[in-house]
Amino acid sequence: MDLSESDGQLAVRDAVGALIARHRLSPAMQHRLAATDPGFDPGLWAEVMATGWLTVALPVAVGGGGGGLTDLIVAVEALARGPVPGPIHNGVVASADVLLALGGGAQVARHLVPLVAGARRYAFCLTEPNGAHRPEHLRCRAVRDADGWLLEGAKCFVPHAGSAEVLLVVARTGVEGRDGISVFAVRADAPGVEVRTMATIGGDRQGEVVLAGVRVPAEDLLGRPEDAWPALRPVLDRAVLAMAADMVGSATAALEWTVARVCARHQWGVPIGSLQAVQHRCADMSIALTCARDAVWDAAGRADRGEDLTTAAAGAKALCDDACRRITASAHQLCGGEGIYADQPLHLWYRRVKSFEPFYGGTRAQRAVVAASLLDG
Amino acid sequence: MDFRFDDDVEGYRHEVAATFAAAMAPERTAGAGDPEDLTGLSERFERAVHAQIGELGHLGIGLPASLGGGGRRPSYEAVFNLEAAAWDAPVVDTAMRLAGYPILAYGSDAQRAWFLPRLLAGRIEMCIAYSEEAAGSDLSAIRTAAVPDGDGWLLSGEKALVTGSHKADWCCTLARTRADGPPREAMTMLLVDLTQPGVQRRRRETMNGWTLGEIAFDRVRLGPEAVLGAVGEGWRQVLSAVQAERSGMSYLGFARHVFDDLVAHVRRAEGPGGPLADDPGVRDQVAALAIDLDAGMRLAKRALWVQERGEPTAVLASMSKVYATELLQRLAQAATEIAGHAGLVHSPLFAAAPGPAAAGGRFAWEYLERVHGTISVGANELQRDLIARQGLGLPVARRS
Chain A
2 MDLSESDGQL
12 AVRDAVGALI
22 ARHRLSPAMQ
32 HRLAATDPGF
42 DPGLWAEVMA
52 TGWLTVALPV
62 AVGGGGGGLT
72 DLIVAVEALA
82 RGPVPGPIHN
92 GVVASADVLL
102 ALGGGAQVAR
112 HLVPLVAGAR
122 RYAFCLTEPN
132 GAHRPEHLRC
142 RAVRDADGWL
152 LEGAKCFVPH
162 AGSAEVLLVV
172 ARTGVEGRDG
182 ISVFAVRADA
192 PGVEVRTMAT
202 IGGDRQGEVV
212 LAGVRVPAED
222 LLGRPEDAWP
232 ALRPVLDRAV
242 LAMAADMVGS
252 ATAALEWTVA
262 RVCARHQWGV
272 PIGSLQAVQH
282 RCADMSIALT
292 CARDAVWDAA
302 GRADRGEDLT
312 TAAAGAKALC
322 DDACRRITAS
332 AHQLCGGEGI
342 YADQPLHLWY
352 RRVKSFEPFY
362 GGTRAQRAVV
372 AASLLDG
Chain B
-18 MDFRFDDDVE
-8 GYRHEVAATF
2 AAAMAPERTA
12 GAGDPEDLTG
22 LSERFERAVH
32 AQIGELGHLG
42 IGLPASLGGG
52 GRRPSYEAVF
62 NLEAAAWDAP
72 VVDTAMRLAG
82 YPILAYGSDA
92 QRAWFLPRLL
102 AGRIEMCIAY
112 SEEAAGSDLS
122 AIRTAAVPDG
132 DGWLLSGEKA
142 LVTGSHKADW
152 CCTLARTRAD
162 GPPREAMTML
172 LVDLTQPGVQ
182 RRRRETMNGW
192 TLGEIAFDRV
202 RLGPEAVLGA
212 VGEGWRQVLS
222 AVQAERSGMS
232 YLGFARHVFD
242 DLVAHVRRAE
252 GPGGPLADDP
262 GVRDQVAALA
272 IDLDAGMRLA
282 KRALWVQERG
292 EPTAVLASMS
302 KVYATELLQR
312 LAQAATEIAG
322 HAGLVHSPLF
332 AAAPGPAAAG
342 GRFAWEYLER
352 VHGTISVGAN
362 ELQRDLIARQ
372 GLGLPVARRS
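Residue numbers (the working numbering), protein chains in the order written: chain A, 2 to 378; chain B, -18 to 381.
Simulated from the structure, these hints should not be mistaken for laboratory data.
Accuracy of the hints is not assured; some may be wrong.
Just so you have them, the derived chain B footprint on chain A, three or more residues with Cβ under 8 Å [what the hints assert, rightly or not]:
# : region
1 : 110 to 118
2 : 162 to 174
3 : 258 to 269
4 : 316 to 323
Residues from chain A that keep clear of chain B, each with C-beta distances beyond 12 Å, as calculated [unchecked claim]:
# : residue
5 : Gln10
6 : Leu101
7 : Cys157
8 : Val211
9 : Ala289
Backbone N, C-alpha and C fix where the C-beta goes; we use that ideal spot for every residue, glycine too.
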């Protein structure tokens, strides 16, 4: 048993905190940023990418840090505490893992290296307008066309899709079911691609991606045709765990904010934090946060030791969905009327936690993975 | 992070599990049931297992070798408690665990020399009798009093909510030794031989069939050697941290047992609409409980890890106690609800269950049993007070 955090991990947390303090993104400014593309501060984002925190788990050969999943969740958790908005999950974590898992040498050089360097933005397009995200449910199709492919279909709920320059599109090229799935790197400015950003409460600039007869050159099929799903499955496990870490970061910040607030806020001549009803809710938030954080760190540790991540990541995501949502909602309750203003930070964490809930298949889908491990076979 | 027990601890866990598998085998427990005892087992069976486990050196596994213990880290004691509970072995509330640590911490050389070998060998049963009808969480309301009598004391008063008093040879109790002054300076811990004149024990049936005890002391004559620690220091002694592991692992042993029973039930049973294992709602509930059980184990392990590093453990111990006792209630609710009518058919532990009972009547037993976990050993409200104040630094309330 070793529950310590390494000096390097603590240093990353401090460095992220320092960066956030230097930039002083006020809640009101963040709220305004989220209303227009790209939805984040490009200068701050460039700095984040330049630190290499979000690419720490990628191989050194592609410009990554050669670290583990634990190193990544340290950074994600710290960025969420800020909160720092940006295409952390879909644009960097998932997109990079997709390129790493499927891309050949030339594709890695063409796509993954600029992604890691922060020179080009990517979006991972899996989910479809009806919420489909499992291989057997995907309808977006690609058919062979001369020496390339012709892509037809729609993707949806893609965070920060509108500011991505390359879309990593999951499409069916073969049979129905799990075995006919391929992934293409599609230029966002290719003819037939249309991205429409919609308002979601998560502040993550989700886009609907319409692909109407989009021509894709053969060299932009990632890996071999019809072979993508076995490689995507572990990508999704890692993506899900990174989301859980993000929720933990938000919940941590919301609890800290709440504790400071209930100590400072006086009513009837006493700090409201001395009232038992308030204390007990804070205690429950603290217990839930400890459980959520340890679930994420445990799963990351398992992955870094080479153990299977699927069930642990699903359990951590399901736990964090519920626990972190409750924590950020309790924070609102305890901070009272002042907390509901847009120029106050609580709603940013409340939104951010909620934004991850529906991926990939939502809380119940994660629990279904855990249930299968117990009840089937 | 690595939440796995270290290899040596895991090895020890397997060792005690194997011991319990043999000691608690159905052919051994057959006919040994006693629904009036919290363990569900007869005093004779309990004493036999207690002595056997003591002989194997498990009871003092965490005590220094110089005191006759195993000299192992708190993790060893924790996995012992985990497995003892998971196997329903009658060595969860042992005399060592209940009274051994106060004796170790505050006992005189003579008291340690007499009690420790007996506690470690599992050859003495003890109970803790602090609470009174008017003094539950608030021990300052204690009225039991010991008045000076020659070189000793005369003890009078009534203690309530005592686990296992009917079978205890000795009890560790708390009494006022000064009529005036603040309660913090007026209390003294006493060790009382329950077989002596003036001690009366009554058993009072709880909602789940087993009994708690009430002990009436009527001018019980105690010598000076009955005082545990210092006269007037009882309040502080009772509240100060004990050396026992406080991870809450025994609750998680019970939780694992019920959860395993629930999974077995769901995998096997048919509901009116078909196999329970095909019901998406049931699958969702079972998965949620599995996730919570894992979370409870991690919380307990974190409490242990902090303790073994010599850091303050009170906040995590309270978190683990709150989480595990409330998890046991959720498990009992889910299991009874999923099992439906069959889930409400009740059987004491180690008793033959009526045919339609789910899990041998265990789910219904759990539903009644898990009410007291959130109340006893420091009500969860008090634990939450502590988490808020010590863990989060919230200000102490004014209390009238």
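Tested hints:
1. 110 to 118: violated (count 0)
2. 162 to 174: violated (count 0)
3. 258 to 269: holds (count 3)
4. 316 to 323: holds (count 3)
5. Gln10: 10 Å, violated
6. Leu101: The claim holds: leucine 101 of chain A sits with its nearest Cβ about 24 Å from chain B, beyond 12 Å.
7. Cys157: Answer for cysteine 157 of chain A: holds, closest chain B Cβ roughly 25 Å.
8. Val211: Given that every Cβ of chain B is farther than 12 Å from that of valine 211 of chain A, nearest at about 33 Å, it holds.
9. Ala289: 9 Å, violated
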